Amino acid sequence: MDSSEIEILRQGAEARVYKTEVSGKPAIAKQRFSKKYRHPDLDRKLTRGRLNQEARSLKRCLESGIRVPQVFRTNKDTATLYIEFIEGPTLKEWIFDNADEDKEKELMTAVGKILYQMHANSIIHGDLTTSNIIIDKQGEIVLIDFGLSQISAMVEDKAVDLYVLERAFISTHPESERLFAAVLQAYESQDPAAAATMKRLEDVRQRGRKRDMTG
Amino acid sequence: MTCSSPRTIIALGLEGSANKLGVGIVKHIYPGGIPADAELVPEVVELANVRDTYNPPAGEGFLPRDVAAHHRSVIVPLLHQAFAEAKITHEDLDCICYTKGPGMGAPLQSVALVARTISQLWDIPLVGVNHCVGHIEMGRAITGAQNPVVLYVSGGNTQVIAYSQQTYRIFGETLDIAIGNCLDRFARVLKLPNDPSPGYNIEQYAKRGSKFIELPYTVKGMDVSFSGILSFIEKLAKTEPEKYAPEDLCYSLQENMFAMLVEITERAMAHIGSNEVLVVGGVGCNVRLQEMMGQMAEERGGKVFATDMRYCIDNGIMIAQAGALAFARGFTTSIDDSWITQRFRTDQVHVEWRT
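As given, the protein sequences belong to chains A and B, one line each in that order. Per the UniProt record's numbering, the first sequence starts with residue 1, numbered consecutively. Per the UniProt record's numbering, the second sequence starts with residue 1, numbered consecutively.
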């Protein structure tokens, strides 16, 4: 690690995030650490796999015109990913602070459109929460944290991706049904083909309800 | 806070949502009376906690009708045993708590019928309890964990739960089958005995395994999926039994699935900023799971809380514990509402006894 990487921004569940600079641009260094509780083989597979997958998916998003942090470089030896630093509140913080319903609707529509675009390019985020969406200074939506992402064109994977976000809305933002409904509405309005994903989302939800059959 | 004279609540708890029939009796003591607007933290005295388990033959799962027949046949002797251990009679009871759901229909129904009958016979109010909330409240009472992230893992449930605003909110859960169901079904493939439980026998086999076999690892945000892992490992066990020792299969299955559980629990802890984790439910007895969870918590500067077989595995006192807390806040279930439900989500309960 460079000596400039001293400011630790946050420690997540599996990575430490430092504020740094790359070629004079504000950047973050995201270093994945090994987990003692995991079998070493499994730990190596997950740490390496996620480092590579995150870089790959970010690049694919950028190529598809989806706003995500730029990738500067990857250091495989230290399992560190150097990416653009995005300033701005997370969607979670933004929802907690916002009281304007029109603005809210506008933002949820933008989120729905971006998610559709991402899925249309066969990118599955894998960990959609309101903490993994940033509103930058220009008010644009930026998706982050692609460590659990995968490339897939399957309707099932897209539906589960949306379901994970829906669950995040329900658990983190009680009484927020209208917010996620607006996201879905915008997602669906992008293309008639999105109807198949919506239908599968309903199936995924049903599976959820059946799961409580036994104590 | 207004304080009045001391108050005691004695609750009977009846649990039979799956293959265990449990009868428990708990005494809650409020030395300063029941506070009106504070969280209820009574002194908890265990008076009785007895259980009888229905075990099908090796290689078979349990069928609802057989489980219900088991519950019907042992509930009266078990009630007598509980009262004898507690050294009280039914006249000392303040409420009768029973599992309203979730669980298997026929077994739930057979126990609710007994609860309804003795409630009318003895003229004691009924309290319907959510099974999952019973696990959480018992775990909190036994371990003293204040506001932990709860991992609830059993034959029918896999949930990561955290409390906020009088609700136990589900942050992550399985997208298909429960972890205990996956372990039970794999035990059947290997024809492991169901006594004392399939999961226990998998755990013993896993202790003797050492070769890590790579399996699918499916974490989606704070959710997990186990059905693909089960199909994959079933295929290995059935098609190439000479290549894969059962011990190594059990070891790898546990290592892989438990790592998934620890990962989503840690993600929930990071998400809500908590350092405590409480493991409840039958699979929570697994020592390897507790150990892995402990390592994760230690790395975060936190702590893991777990209970032993008396409380992890379905039991009667956990139903009495959660029911007595609700009862202290004035909650009762009328005979008309004393139905059961197979689907009763953890987040549907209004947790009135916490603030």
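Rather than coming from a laboratory, the hints here were simulated on the basis of the structure. In this text the structure is predicted, and so the values were computed from the model without any measurement. You may find that some hints are simply not true.
In silico lysine-lysine, BS3-like type, Cα no more than 30 Å apart, as pairs [stated by the list, open to error]:
1. A:K76 - A:K105
2. B:K211 - A:K76
3. B:K27 - A:K45
4. B:K238 - A:K137
5. B:K243 - A:K45
6. B:K211 - B:K238
7. A:K105 - A:K92
8. A:K36 - B:K211
9. B:K238 - B:K207
10. A:K36 - B:K27
11. B:K207 - A:K45
12. B:K87 - A:K36
13. A:K25 - A:K113
14. A:K76 - A:K36
15. A:K25 - A:K76
16. B:K207 - B:K191
17. A:K76 - A:K113
18. A:K45 - A:K19
19. A:K36 - A:K103
20. A:K137 - A:K92
21. A:K45 - B:K235
22. B:K243 - B:K191
23. B:K191 - A:K92
24. A:K113 - A:K199
25. A:K36 - A:K113
26. A:K137 - A:K19
27. A:K36 - A:K137
28. A:K59 - A:K19
29. B:K27 - B:K303
30. A:K45 - A:K105
31. B:K191 - B:K235
32. B:K235 - A:K92
33. B:K238 - A:K45
34. B:K207 - B:K87
35. A:K36 - A:K19
If you want the footprint, here are the derived chain B segments under chain A, 3+ residues with CB under 8 Å [unchecked claim]:
36. 75-87
37. 249-260
38. 317-326
We treat Cβ as the ideally placed atom computed from N, Cα and C, and that holds for glycine.
Right, here's what the structure says about each hint:
A hinted pair counts as satisfied when its Cα atoms are at most 30 Å apart, and K76 (chain A) with K105 (chain A) does not qualify at roughly 41 Å. With a CA separation close to 27 Å, the supplied pair K211 (chain B) and K76 (chain A) stays within the 30 Å bound. Pair hint K27 (chain B) plus K45 (chain A) does not hold up; C-alpha atoms about 50 Å apart against a cutoff of 30 Å. Proposed proximity of K238 (chain B) and K137 (chain A) is contradicted: the alpha carbons are some 57 Å apart, above 30 Å.
Annotation: proposed proximity of K243 (chain B) to K45 (chain A) holds, straight-line Cα distance about 23 Å (limit 30 Å). In summary, the hint linking K211 (chain B) to K238 (chain B) is supported, as the alpha carbons are separated by about 18 Å, within the 30 Å threshold. Pair hint K105 (chain A) plus K92 (chain A) holds up; C-alpha atoms about 15 Å apart against a cutoff of 30 Å. Our distance criterion of 30 Å between C-alpha atoms is met by K36 (chain A) and K211 (chain B), whose separation comes to about 18 Å.
Proposed proximity of K238 (chain B) and K207 (chain B) is supported: the alpha carbons are some 22 Å apart, at most 30 Å. Proposed proximity of K36 (chain A) and K27 (chain B) is contradicted: the alpha carbons are some 41 Å apart, above 30 Å. Proposed proximity of K207 (chain B) and K45 (chain A) is supported: the alpha carbons are some 23 Å apart, at most 30 Å. Restraint check for K87 (chain B) and K36 (chain A): not satisfied, since their Cα atoms lie roughly 48 Å apart, outside the 30 Å limit.
This hinted pair checks out: K25 (chain A) and K113 (chain A) have alpha carbons roughly 29 Å apart, not beyond 30 Å. Restraint check for K76 (chain A) and K36 (chain A): satisfied, since their Cα atoms lie roughly 19 Å apart, inside the 30 Å limit. A C-alpha spacing of about 21 Å is found between K25 (chain A) and K76 (chain A), which places the hinted pair at or below 30 Å, so the restraint holds. Distance check on the hinted pair: K207 (chain B) and K191 (chain B) sit about 18 Å apart at the alpha-carbon level, within 30 Å; holds.
With a C-alpha separation of about 34 Å, the suggested pair K76 (chain A) and K113 (chain A) falls outside the 30 Å cut-off, and the hint is violated. With a CA separation close to 26 Å, the supplied pair K45 (chain A) and K19 (chain A) stays within the 30 Å bound. For the suggested pair K36 (chain A) and K103 (chain A), the alpha carbons sit about 45 Å apart, so the restraint of at most 30 Å is broken. Distance restraint check for K137 (chain A) and K92 (chain A): the Cα-Cα separation of roughly 16 Å lies within the 30 Å cut-off, and the hinted pair is therefore satisfied.
A hinted pair counts as satisfied when its Cα atoms are at most 30 Å apart, and K45 (chain A) with K235 (chain B) qualifies at roughly 22 Å. Between K243 (chain B) and K191 (chain B) the CA atoms are separated by roughly 18 Å; this keeps the pair inside 30 Å, and the hint holds. Proposed proximity of K191 (chain B) and K92 (chain A) is contradicted: the alpha carbons are some 48 Å apart, above 30 Å. Under the criterion of a C-alpha separation no larger than 30 Å, the hint pairing K113 (chain A) with K199 (chain A) is consistent with the structure, at around 18 Å.
About 40 Å separates the Cα atoms of K36 (chain A) and K113 (chain A), which puts this hinted pair outside 30 Å; it is violated. Restraint check for K137 (chain A) and K19 (chain A): the C-alpha separation of about 18 Å stays at or below 30 Å, so the hint holds. Restraint check: the Cα-Cα separation between K36 (chain A) and K137 (chain A) comes to about 39 Å, which exceeds 30 Å; the hinted pair is violated. Restraint check for K59 (chain A) and K19 (chain A): satisfied, since their Cα atoms lie roughly 21 Å apart, inside the 30 Å limit.
Taken as a hint, the K27 (chain B) and K303 (chain B) pair is honoured in the structure, with Cα atoms around 28 Å apart against an allowance of 30 Å. A distance of roughly 41 Å separates the Cα atoms of K45 (chain A) and K105 (chain A); the hinted pair therefore is violated under the 30 Å criterion. For the given pair, K191 (chain B) sits about 15 Å from K235 (chain B) by alpha-carbon distance, which is consistent with the 30 Å threshold. Restraint check for K235 (chain B) and K92 (chain A): not satisfied, since their Cα atoms lie roughly 43 Å apart, outside the 30 Å limit.
Pair hint K238 (chain B) plus K45 (chain A) holds up; C-alpha atoms about 26 Å apart against a cutoff of 30 Å. Under the criterion of a C-alpha separation no larger than 30 Å, the hint pairing K207 (chain B) with K87 (chain B) is inconsistent with the structure, at around 41 Å. At roughly 26 Å between alpha-carbon atoms, K36 (chain A) and K19 (chain A) fall within 30 Å of each other, so this suggested pair holds. Coverage of a stretch by a chain is defined here by at least three residues with a beta carbon nearer than 8 Å to that chain's beta carbons; for the stretch 75-87 of chain B and chain A the count is 0, and the condition is violated.
Evaluation of the coverage hint for the stretch 249-260 of chain B: fulfilled, as 3 residues show C-beta separations to chain A shorter than 8 Å, against a requirement of three. With 0 residues carrying a beta carbon less than 8 Å from a beta carbon of chain A, the stretch 317-326 of chain B misses the three-residue requirement, and the given coverage is violated.
Violated hints, listed in ascending order, are 1, 3, 4, 10, 12, 17, 19, 23, 25, 27, 30, 32, 34, 36 and 38; each of the other numbered hints is respected by the structure.
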